[in-house]
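Q: Listed in order, the protein sequences are those of chains A and B.
Count the first sequence with our numbering and you get residues 1 to 261, in order.
Count the second sequence with our numbering and you get residues 1 to 325, in order.
Derived by calculation from the structure, the hints in this document are not laboratory data.
Values in this document were obtained by computation on a predicted structure and should not be read as measured data.
Wrong hints could be hidden among the right ones.
[Unchecked claim] Listed next, the in silico DSS-like pairs over lysine-lysine satisfying Cα-Cα at most 27 Å (straight line):
#1 Lys254(A) <-> Lys291(B)
#2 Lys199(B) <-> Lys284(B)
#3 Lys199(B) <-> Lys162(B)
#4 Lys162(B) <-> Lys259(A)
#5 Lys299(B) <-> Lys199(A)
#6 Lys30(A) <-> Lys187(A)
#7 Lys199(A) <-> Lys48(A)
#8 Lys254(A) <-> Lys299(B)
#9 Lys162(B) <-> Lys30(A)
#10 Lys30(A) <-> Lys254(A)
#11 Lys259(A) <-> Lys130(B)
#12 Lys30(A) <-> Lys284(B)
#13 Lys106(A) <-> Lys254(A)
#14 Lys199(B) <-> Lys199(A)
#15 Lys130(B) <-> Lys254(A)
#16 Lys231(A) <-> Lys299(B)
#17 Lys199(A) <-> Lys231(A)
#18 Lys199(B) <-> Lys231(A)
#19 Lys48(A) <-> Lys30(A)
#20 Lys254(A) <-> Lys128(B)
#21 Lys48(A) <-> Lys199(B)
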Amino acid sequence: MHVVVVTKNTPDTEAAVTVDAAGNVSWGDKLVVNPWDEYAITEAVLLKGAHNVQATILAVGPEEHQESLKHGLAIGCDQAIRIWHDSLAGYDSLVYANAVAAAIRKLGDVDLVIFGKELADIASDAHIYQTARKLGWTMLGFVARIEAVDFGGKTIRVTRLVEQGTQIVSSRLPAVISVVKDINEPKYPTFIGIRKAAKAEIPVWGPAELGLDAANLTPRTRVVGYQNLPKREGTVQIIEGATAQEKAATLVEKLLQEKVI
Amino acid sequence: MSVFVWVEQFEGTPISASWEALGLARQFADQLGSTVTALMFGQNVDSVVQSAFHYGADAVIKADDRSLQYYRFSPYVALLAKIVQEHNPAIVLAAATTSGRELLAGAAADLNAGILTDVTDLSLENGKLKAVRPVLGGKVLSVEVMAGDGPQFATLRNRAFKALEPDTSRTGTVTTLTSTATENDADTQIEGFQKTTGKVSLSDATIIVSGGRGVGGPEGFGPVRELAEVLGAAVGASRAAVDAGWIPYEHQVGQTGKVVSPDLYIACGISGAIQHQAGMRTAKVIVAINKDPEAPIFKLAQYGIIGDVFEVLPALTQAFRQRLG
């Protein structure tokens, strides 16, 4: 029995991002574990602690994504596998899903796959649902809490956070879930964990190991360039007044004139 | 080669962003010399069918069944993929809600088709979709295009597109699917739903009043809520306030919370970290209330009040109550 968490590195959320005249983007070199995945990795390790399951961490990407895998190992994942080959460069959500689903099939006895809610760099989550579909498993997205999981009986019960409220859903395993921030307090690596992770051998699986053909590796969407955000016009108008009441009255007047209320 | 829109509804009430998707679909259909078909899955969705015509649909395909009452991934995805395979539309659109994102990505995977997620601009050039999407924490925009053939899927960010003015004289044809049973119909069971009724949802809100570290504690959200109530606004929060446990995560606006785009965003005691800005910088008008005149939020705002939120907020609530009362 096996829990798999899928991650990659993304640019530091504090980084300043710039776009040059040719439409190329840069953010400095600092990469971090995709912020949403900290919760996913922690949840996999918590499940491992509470149940008789193995926790495996997968990342899709070139060498620099090794760091997110080491982070997972340092926290307590049992093994790490990196999925990459030059033929994956320029992947879209579908290629990503094909690769991850193939890796999960290769691992064999996987019951639960955990993703962070979305990837912060590409601001997308399509690959998560597409992985579920490529595996033919059910998908429970936006999970705020795992209420119960029975790896032997192959069932799971979760609370999902959706627009209309919170939903309790039960489902069969195997399943794919995506998790939101509510689910746990992220764990941080210990010194011993970091040392152990540094020594770990991390295999790299490419299309040959995963049995992916050219059709599985052909992206259906393509990034053609980047643009800066449109500048917000004008400068702030500070509302003056002798008292809070006076300032409030002036602001209300201005907002009514702007017809935003 | 019709343009398809999945019109989302919850317990018979349509999601307003679905009308925005219909508006854009109308534009694409006119460009292609084609028609707009609204897809509706649920139970007792007839009232929504008429509205879909008013908002721009020429035809409706509906699957009305008890098993479809609430969105569930596997049955909904299988149903959408089946319909798309049979009708081969040029484009399939939906609002980028939690369900819309899952459903369209899932069906696109089944059909090995391309999908553009959570786009804020979408155009059609030589029959191919071209999208603009905020990426990297909302700090830049990426331009993405469809590379392959076949149906093109896209989900649209709430409030990024305009719905048409409803025209109640419009009508159209309705096709009812009789056999809606699909694979894995029973693989998930919804056991309970705790609805956040009476509260305005952040993603749909035209006005949002948000509190940050400067409100000082859970009780500091009292005045924030009072102002929100007078304005019919949703209540937001910065990550600092959520992490401190002052307000639940569902209220968080920012890079690791919700991305919102209201007409008016009132930031109370929020310094305006870059991660928070990523979630609200597309608001039409931003008002900042903060004690610290150096707070970065003032660089983004049109209007600022420098002062204590506990004095300014009650005064604002009072002033709005008088003017709007």
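Q: Sort out whether Lys254(A) lies within 27 Å of Lys130(B), counting only the CA atoms.
A: 38 Å, violated
Q: Within a Cα-Cα threshold of 27 Å, do Lys199(B) and Lys162(B) meet the stated pairing?
A: 24 Å, holds
Q: Please work out if Lys199(A) and Lys231(A) have their alpha carbons no farther apart than 27 Å.
A: Not OK: Lys199(A) and Lys231(A) at ~47 Å, beyond 27 Å, violated.
Q: Quick one, are Lys162(B) and Lys259(A) close enough, alpha carbons at most 27 Å?
A: 18 Å, holds
Q: Under the criterion that the straight-line Cα-Cα distance not exceed 27 Å, is the pair Lys199(B), Lys199(A) satisfied?
A: 51 Å, violated
Q: Could you grab the alpha-carbon distance between Lys199(B) and Lys231(A) and see if it respects the 27 Å cut-off?
A: It is violated: about 32 Å lies between the C-alpha atoms, which goes past 27 Å.
Q: Are the Cα positions of Lys299(B) and Lys199(A) separated by 27 Å at most?
A: Distance of about 47 Å is beyond 27 Å: violated.
Q: Hint check: Lys48(A) vs Lys30(A), CA-CA at most 27 Å. Holds or violated?
A: With Cα atoms ~30 Å apart, Lys48(A) and Lys30(A) exceed 27 Å; violated.
Q: Given the hinted pair Lys254(A) and Lys128(B), is their Cα-Cα distance within 27 Å?
A: 43 Å, violated
Q: Can you confirm whether the C-alpha distance between Lys30(A) and Lys284(B) stays at or below 27 Å?
A: The given pair, whose Cα atoms are some 33 Å apart, is violated under the 27 Å limit.
Q: For the pair we were handed, Lys162(B) and Lys30(A), check the Cα-Cα distance against 27 Å.
A: 38 Å, violated
Q: Would you mind confirming whether the straight-line C-alpha gap from Lys254(A) to Lys299(B) stays at or under 27 Å?
A: Answer holds: Lys254(A) to Lys299(B) is near 19 Å, not above 27 Å.
When the structure is compared with the earlier hints, violations turn up for hints 5, 9, 10, 11, 12, 13, 14, 15, 17, 18, 19, 20 and 21 and for no others.
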